[in-house]
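Q: Protein chains in written order, with my numbering: chain Z, 1 to 168; chain S, 1001 to 1385.
In case anyone wonders, no lab produced these hints; they're calculated from the structure.
The reader is advised that the hints may include incorrect statements.
Claimed, not checked - Below 25 Å or equal to it, Euclidean Cα-Cα: the simulated DMTMM-like pairs (lysine to aspartate or glutamate) are:
id, chain 1, residue 1, chain 2, residue 2
1, S, K1014, S, E1030
2, Z, K165, S, D1016
3, Z, K38, Z, D162
4, Z, K40, Z, D124
5, Z, K38, Z, E132
6, Z, K8, S, D1159
7, S, K1306, Z, E132
8, Z, K165, S, D1258
9, Z, K165, S, D1159
10, Z, K8, S, E1303
11, S, K1306, Z, E139
12, Z, K165, S, D1021
13, Z, K165, S, D1383
14, Z, K136, Z, E166
15, S, K1306, S, D1318
16, Z, K136, Z, E68
17, S, K1018, Z, E119
18, S, K1221, S, D1383
19, S, K1261, Z, D20
As the list claims (entries may be wrong) - Pairwise CB distance ranges (calculated):
id, chain 1, residue 1, chain 2, residue 2, range
20, Z, L13, S, P1078, 41 to 49 Å
21, Z, P98, S, M1129, 49 to 57 Å
22, Z, S120, S, T1228, 18 to 26 Å
23, S, I1127, Z, E139, 42 to 50 Å
24, Z, A25, S, E1040, 21 to 29 Å
25, S, T1228, Z, L97, 21 to 29 Å
26, Z, L97, S, E1040, 26 to 34 Å
27, S, E1275, Z, S144, 15 to 23 Å
28, S, D1318, Z, D49, 39 to 47 Å
29, S, K1044, Z, V12, 30 to 38 Å
Heads up, the beta-carbon is just placed ideally off N, CA and C, and yes, glycines get one too.
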Amino acid sequence: MSESEERKPVEVLRTPVVLDYTYSAGQSSSRHLRAFGKGKLLGQRCPVDGRVYFPSRGSCPQHGVPIEGEPVELPDRGTIVTYSVNRVPSENIDLELPYAAIQVLLDGADTILFHVLGESSIDDVHMGMRVEAVWKPEEEWDDSVANIRYFRPTGEPDTPFDQYKEHI
Amino acid sequence: MAERCGIVGIGQTKHDSKRLDVSMVGLVREAALRALEDAELTWKDIDAVVIGKAPDLFEGVMMPELYLADALGGAYKPMLRVHTAGSVGGSTGIVAASLVEAGVHDRVLAVAFEKQSESNAMWALSIAMPFSVATVAGAGGFFAPLIRGYMRRSGAPEDTGIRVAVKDRLNALKNPYAHLHMEDISFDLVAASPMLWDPVRYLETCPSSDGACAMVFASEKLAEQTQTPPAWVHATAMRSEPTMFSGRDQVMPQASLDNAKALYKQAGITNPRKEIDCAEMYVPFSWFEPMWCEGMLFAEPNEGWKMTYEGATALDGDLPVNMSGGVLSSNPIGASGLLRFAEAALQVRGQAGEHQVDGARKALGHAYGGGSQYFSTWIVSSDKP
Ligand SMILES: [Zn+2]
């Protein structure tokens, strides 16, 4: 090392951190994820207002009560309530740019699902667009939301804004 | 509120994309020393230190409150860490003020910082949840769909966001501490910048900054002794709500409206648009200016964009917003909330230099964070409460 190099201050030192963690999904999410593994979408009702939470979860975040009732099976189609077209790369996201990140309100659900739009030009994506799930081949299924590869347009008429506006 | 509390010292760093000339220690000390100098105090005059920053995951430094304790004169003194996501800077100021108001301490130093050049916030904010599909790329990925919701609901002209972006960058030219000094900023430049998270353009987005902010809070008797009159804390408020529940209004969260009402009630404000002289609000993406003008009850629902459009929020408007250039011109995330609070205090102390609003006596500092779910605000004034 030359003298000038020795005197050069260390400005940034890269020290990568690796985090491996064990994830306990809990009873409610486990049931929901195992249902995904069978190609089924399960929601659950809040006992206070009867709204259907999908993905189902152990408690209602609004009312602070357990959600324990019978699961509600939902269809794999719904409405895009809002979206953005993402053109920014991220190390954690395994999608080709640009893509439409969509918030889907499944028919019969009262909460939104974050997913991605496929088989559509990103110029066509819009609020109110009707979409349906496209599943991966069954042999690739896991207990994961990722069993749905993407949602694609159904070609049905748009859902009127008033019917989904409270979900934005 | 029991005791009166005055802000007697305010300091901040020059914000920049890479402050390689200082370590994290040097960065926070730069702000803290400036606040002490402004207060004409030394480390020994401080009774307690409150520090705030965004998630540790950003820089990967666990518990920076321990690592930075000695650098901030925290040895043998009470030292507290605050964390409420992006609103943390605001919450840090509120905790410090509360310690004085509660009569626990006479002088408290609050410091907040982020050194984004040593972190990867985009990565840290895009961690995939197990068994899910990761689609949300960074904060912009989260907020863009909400902005689209606001555009649809309000019917605001599409160039509203562009106008905010230009105004804030013009204000930043008057602020020597601002990260972005874009001499060539113009409507056309912003309009032509690429869509990152459609409908959010590159120049409608905050930069990624290194920076810190510090403030000294004092009890009434001590605050009265300072050369420069203090900024008096009239009211503080914090509210939160869950990220997601059925029927949640993500665009105009109930927590924001509740926070505003609580703040104004405490401050004895009945007509915020009239009674507040200027407001420094947390606007990381330009469309959040009209959204928070509504969220802070300056405008009726879906009409906040008219304030932008009519020039009400310009430096010479009837309610200037983001006089410093705002988050759109400097974003050291953990410090961003405290910088908003500091700008409000600078204004009512008459210390805002070229971006001073003439005759400002009452100002709002505002911060929000998480998925639009944490809100921290305060009202400061040149008059005693
Ligand atoms: Zn409920």
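Q: Against each hint, give a clear statement of whether it holds in the structure.
A: These are the hints, each one checked on the structure:
For the proposed pair S:K1014 and S:E1030, the alpha carbon gap of about 9 Å is at most 25 Å, so the pair holds. A distance of roughly 40 Å separates the Cα atoms of Z:K165 and S:D1016; the hinted pair therefore is violated under the 25 Å criterion. A threshold of 25 Å between alpha carbons decides the hint, and for Z:K38 with Z:D162 the separation of about 34 Å lies outside it, so the pair is violated. Distance restraint check for Z:K40 and Z:D124: the Cα-Cα separation of roughly 28 Å exceeds the 25 Å cut-off, and the hinted pair is therefore not satisfied.
Restraint check for Z:K38 and Z:E132: satisfied, since their Cα atoms lie roughly 17 Å apart, inside the 25 Å limit. Distance check on the hinted pair: Z:K8 and S:D1159 sit about 48 Å apart at the alpha-carbon level, beyond 25 Å; violated. Taking the CA atoms of S:K1306 and Z:E132, the gap is about 38 Å. The hint is violated against a cut of 25 Å. For the hint pairing Z:K165 with S:D1258, the CA-to-CA distance comes to about 21 Å; that is within 25 Å, so the pair holds.
Distance hint between Z:K165 and S:D1159 is fulfilled; the C-alpha atoms sit about 23 Å from each other, no more than 25 Å. This hinted pair does not check out: Z:K8 and S:E1303 have alpha carbons roughly 55 Å apart, beyond 25 Å. Using a Cα cut-off of 25 Å, the hinted pair S:K1306 and Z:E139 is violated, with the two alpha carbons roughly 55 Å apart. A threshold of 25 Å between alpha carbons decides the hint, and for Z:K165 with S:D1021 the separation of about 49 Å lies outside it, so the pair is violated.
Distance check on the hinted pair: Z:K165 and S:D1383 sit about 44 Å apart at the alpha-carbon level, beyond 25 Å; violated. For the proposed pair Z:K136 and Z:E166, the alpha carbon gap of about 31 Å is over 25 Å, so the pair is violated. For the suggested pair S:K1306 and S:D1318, the alpha carbons sit about 13 Å apart, so the restraint of at most 25 Å is met. Proximity of Z:K136 to Z:E68 is assessed by CA-CA distance (about 30 Å); at most 25 Å being required, the pair is judged violated.
Taking the CA atoms of S:K1018 and Z:E119, the gap is near 41 Å; set against the 25 Å cutoff, the hint is violated. At most 25 Å may separate the alpha-carbon atoms for a hinted pair to count; S:K1221 and S:D1383 meet this at roughly 15 Å. Between S:K1261 and Z:D20 the CA atoms are separated by roughly 44 Å; this puts the pair beyond 25 Å, and the hint is violated. Between Z:L13 and S:P1078 the CB atoms are about 32 Å apart, so this pair departs from the stated range of 41 to 49 Å.
For Z:P98 and S:M1129, the hinted distance range of 49 to 57 Å is not satisfied, since their beta carbons lie about 22 Å from each other. For Z:S120 paired with S:T1228, a C-beta distance near 60 Å fails the hint of 18 to 26 Å. Here the CB-CB span from S:I1127 to Z:E139 is close to 28 Å, at odds with the stated 42 to 50 Å. At roughly 57 Å, the beta-carbon separation of Z:A25 and S:E1040 lies outside the given 21 to 29 Å, and the hint is violated.
Range check, S:T1228 to Z:L97: Cβ separation about 51 Å, and the 21 to 29 Å hint is violated. The hinted range of 26 to 34 Å is not satisfied by Z:L97 and S:E1040, whose Cβ atoms lie roughly 53 Å apart. One distance hint, 15 to 23 Å for the beta-carbon pair S:E1275 and Z:S144, is violated here, with the actual separation near 53 Å. For S:D1318 paired with Z:D49, a C-beta distance near 42 Å keeps the hint of 39 to 47 Å intact.
Distance hint for S:K1044 and Z:V12: a CB-CB separation of about 34 Å, consistent with the stated range 30 to 38 Å.
Consistency note: the structure conflicts with the earlier hints numbered 2, 3, 4, 6, 7, 10, 11, 12, 13, 14, 16, 17, 19, 20, 21, 22, 23, 24, 25, 26, 27.
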